[in-house]
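Asks: Use the sequences and the hints to build the structure in full.
Chains A and B, in that order, give the protein sequences. Numbering-wise, the numbering used here comes out as the position in the first sequence, counting from 1, plus 5. Numbering-wise, the numbering used here comes out as the position in the second sequence, counting from 1, plus 5.
I should point out that these hints are in silico values taken from the structure, not numbers from a laboratory. Incorrect hints may have been included.
Copies of one chain are not kept apart here, so a pair can be met inside one copy or by any two copies together.
[Unchecked claim] Taking lysine-lysine and the DSS-like style, the derived pairs with C-alpha atoms no more than 30 Å apart in a straight line are:
1) 411 to 291
2) 135 to 411
3) 411 to 330
4) 35 to 149
5) 330 to 35
As the structure is a prediction and not an experimental result, all values here were calculated from the model.
There are 2 protein chains.
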Amino acid sequence: MHKRTSWYSLFILVCLPIFLAKADAPADIKAYTQANQAQILQDFKALLAIPNISAVPEDMFKNADWITAYIAERGFTSEVVTAGGAPYILAEKKVPGASKSILIYAHFDGQPVEPSNWATPPFEPTLIDKPIELGGKPVEWDGKAPLNPQWRLAARSAGDDKGPVIALMAALDAMEALNITPSVNIKLVLDGEEEIGSPTLEAILKEHGHKMDAELMLFCDGPMHPSRIQQLVFGMRGSMTLELTTYGALSPLHSGHYGNFSPNPTDRLMRLLTSMTDTDGNILIKGYNDQTRPISPAEQQAIDNIPNIDAQLRHDLAIAESLGKTVRVEEGVLKPAIIVKGFQAGGVGSQSRNIIQPEATASLNLRLSAGQTPAFLREKMEAHIVEQGFVITYDDPTIEMRRENKLLAKLEWRPGPYPAFRSEIDSPEAIKLTSIMDSLSTEPTILTPTLGGSLPIYLFEEALDMPIIILPIANHDNNQHGRNENLRLQNLWDAVEIYAAILSEYDR
Amino acid sequence: MHKRTSWYSLFILVCLPIFLAKADAPADIKAYTQANQAQILQDFKALLAIPNISAVPEDMFKNADWITAYIAERGFTSEVVTAGGAPYILAEKKVPGASKSILIYAHFDGQPVEPSNWATPPFEPTLIDKPIELGGKPVEWDGKAPLNPQWRLAARSAGDDKGPVIALMAALDAMEALNITPSVNIKLVLDGEEEIGSPTLEAILKEHGHKMDAELMLFCDGPMHPSRIQQLVFGMRGSMTLELTTYGALSPLHSGHYGNFSPNPTDRLMRLLTSMTDTDGNILIKGYNDQTRPISPAEQQAIDNIPNIDAQLRHDLAIAESLGKTVRVEEGVLKPAIIVKGFQAGGVGSQSRNIIQPEATASLNLRLSAGQTPAFLREKMEAHIVEQGFVITYDDPTIEMRRENKLLAKLEWRPGPYPAFRSEIDSPEAIKLTSIMDSLSTEPTILTPTLGGSLPIYLFEEALDMPIIILPIANHDNNQHGRNENLRLQNLWDAVEIYAAILSEYDR
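Replies: Structure (structure tokens):
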């Protein structure tokens, strides 16, 4: 399939609408997509080239302008709304004769970037032949279709989460070219601030939620199963962020003169952090796990049905053992986790100096399981810190506080904690979607009780009355949130087919 | 004394050489210094304004040029020499009739700076009214002498170690103005790479050591005793730097998807580091302390004679307790220490992202006691790391190594370890120096067996045959190596008096 010459692609492009309109729809969509790879890729690059750090509103409005123009060409009416934060796009494409609606969620903002860590500039989308970590290099495409499906497009938000908008519009273009009418009305809610916790989503839903009526909500975000088998997801982990700072002397001290006399805040912070978990990541904080909802038999069955890819995953990630050795990755995400995601206390390498730092700071990501509430976890965490001998402050400590308290910890609970979300795995909507997706593949669709990411789904669940199912399309190794983020091209082409199938078949 | 008006200063400036030449020499030097504060400060600022990061040779040569011109005006012949590294200045001022020589060491390079952490630019010397950490602010001097002696001059190397060159030349200027002839020839060895471990000093000494013959070597570096009483020091801690890197997955991972599955290198590094010491800083590594030379009765006596400033120090540093509670700061520096001086593993605050880092790195400063050898400590440290379950590598691990080894640590032993140094506290030279300094103050000179810093003294000890005594002049809270480094003005004026007294009295 991948050795077709370009004249053949041209043939497909020109002749398909004429000769194949009545043939097998998924195969037609596949052929159309292949013939139009260059255009789809060009559109994707144009969107990815617009910087989209959530905290920079002017950039987010540029993205919103681009997207509204892009979807308007496919018959969507849209409005860009805000509630004092980044923009959200609400859009709708009414389909004559359709009686049901599907509401589709995606987000178009991305995590901050440190360009110096990237092999290619984060906002200059670049084709690479494989992951940078495996020796991937930029490649020039000679224009011949099909593109190597293993190549990736590297850019911030390539994997998380600008792909769905492009793939969805490509699906509608393909359906139009093939005279396939959607079976449902299509509503979009596109989030411009997901990566900073969608702080104004609640207000947006309060004001505009009534426009989002639908029979089903599809959440298009997150990475696929590492086996690359198509997947539906019914739950998400919750997430909270806590920053912790410990203190030593008031100012930086020469490590020779004051080592063995003045306490080292780095040492204090390390001991506090390692007291929270064991080496397998199990949480040791008293009562912390009390609210965790156990895995139901149906969920356990679904997990057992998922092909076990732990060994492959360990190979791909280049780790000798997973945490706790015997925990499957699908079970791991059903457990709470405390992850030290950042630790800053003086430089290393050429930035290292012989000083004892005045303070050390760590950023912790707490991942919540279904049932756990942020307020409860905060209470247990703070009790633990006090039990370790620390006096807690929420502001920078005064000099008097530093003089009086041997162990002092500043806690900064970041706004926007997400509770976890876990919905029914065997609802009629789930069964219908599963059957459409099964029809596209020889492999049965993987039904995942919980995906590791955290999305503002709980807000939709509270505000809207419809089943919510997550449909991820990005490759598992897309470096989401990190440097060299990318989308594997085959994932993009597959997404076009999946969206086309759902839109044409959901209420057929 | 500090309320004298400027006309009085002018009187001193003009009349002192005429009327007071035969009067009490230390008082005359003091008066001269006070009358000439503006000029001394201006010279000091000019030298501090030249950036002097050791690793930037062109800047170090600029410093060397400035200094050689400056000391030439005081009758020094000098040569700038290198052995493939930063420049060293060797200089000599021959004094007619003098039969002995004193060799004076200082260094003119500084530690790297992070200007964003400084309240004032590190290479724009700025007068501040008190330490920045205590609310200090830049001040404008109205030109009236004397300057407030509590003010400080803030700049990189103000405290460590550009002050001695300025104070020494001011002392010679004062002596010249007062018709006081030095009693000894003066030789200088000024180091341009001390802060990176003087990597070429051994070669410099091999080629030029014969020019450094003298009866006594004065090491002018390091901070004074926090009591501000004058001090002589007879030993220095040794120092080694080890960088340690631990590994997780090959690339940054989303902390939600992979938390509880993929190991966190930050957690591994924290557990490894906290296994090396207890919370009091005592080293737990097997055999690590076996070489440590015990404190001699004479040294213990000297320590007991030193005013105990621990309580004041805790107050100044704003710490509730010192490490190990009952250890005096003077005893602490006689013990080995392992200090985590840098820890980098992902961002905090606005730079924090929800990822599990692929690696975590810490920079360790090992402080050596007299008797400890770098090779022995390295062996014990590596055995400990292996005992903690780690496989050691000295290069970046291959992907295969990462797949095969659960715990992998990259060790980078930085070049230029300093062994410790501890010399006789009651030699004739020590007694002579002590008596000169005692004559300048109502307080007996503090005799310190070991100062916490590490200097390349052991190389001089090996290469040259003379007693070596350290004479620190910087305030203890000069933020040496850190941000907002500064020299308290009174320390600068005192240094002029001390140097003048030593040069005039040493062989009188």
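Asks: The structure should be examined with respect to each hint, and the outcome stated for every one.
Replies: Comparing the hints with the structure gives:
Taking the closest pair of Cα atoms, residue 411 and residue 291 come within 30 Å of each other both inside a single copy (23 Å) and across two copies (29 Å). Proximity of residue 135 to residue 411 under the C-alpha cut-off of 30 Å is restricted to the inter-copy arrangement: shortest distance 26 Å between copies versus 51 Å within a copy. When the C-alpha separation of residue 411 and residue 330 is checked against a cutoff of 30 Å, the pair qualifies only between copies, where the shortest distance is 11 Å, while the shortest distance within a copy is 38 Å. In this assembly of identical chains, the alpha carbons of residue 35 and residue 149 lie at most 30 Å apart only when taken from the same copy (17 Å versus 86 Å across copies).
Proximity of residue 330 and residue 35 under a CA criterion of 30 Å is satisfied in neither setting, with 40 Å inside one chain copy and 73 Å between copies.
Hint check: a violation occurs at hint 5 only; the rest are consistent with the structure.
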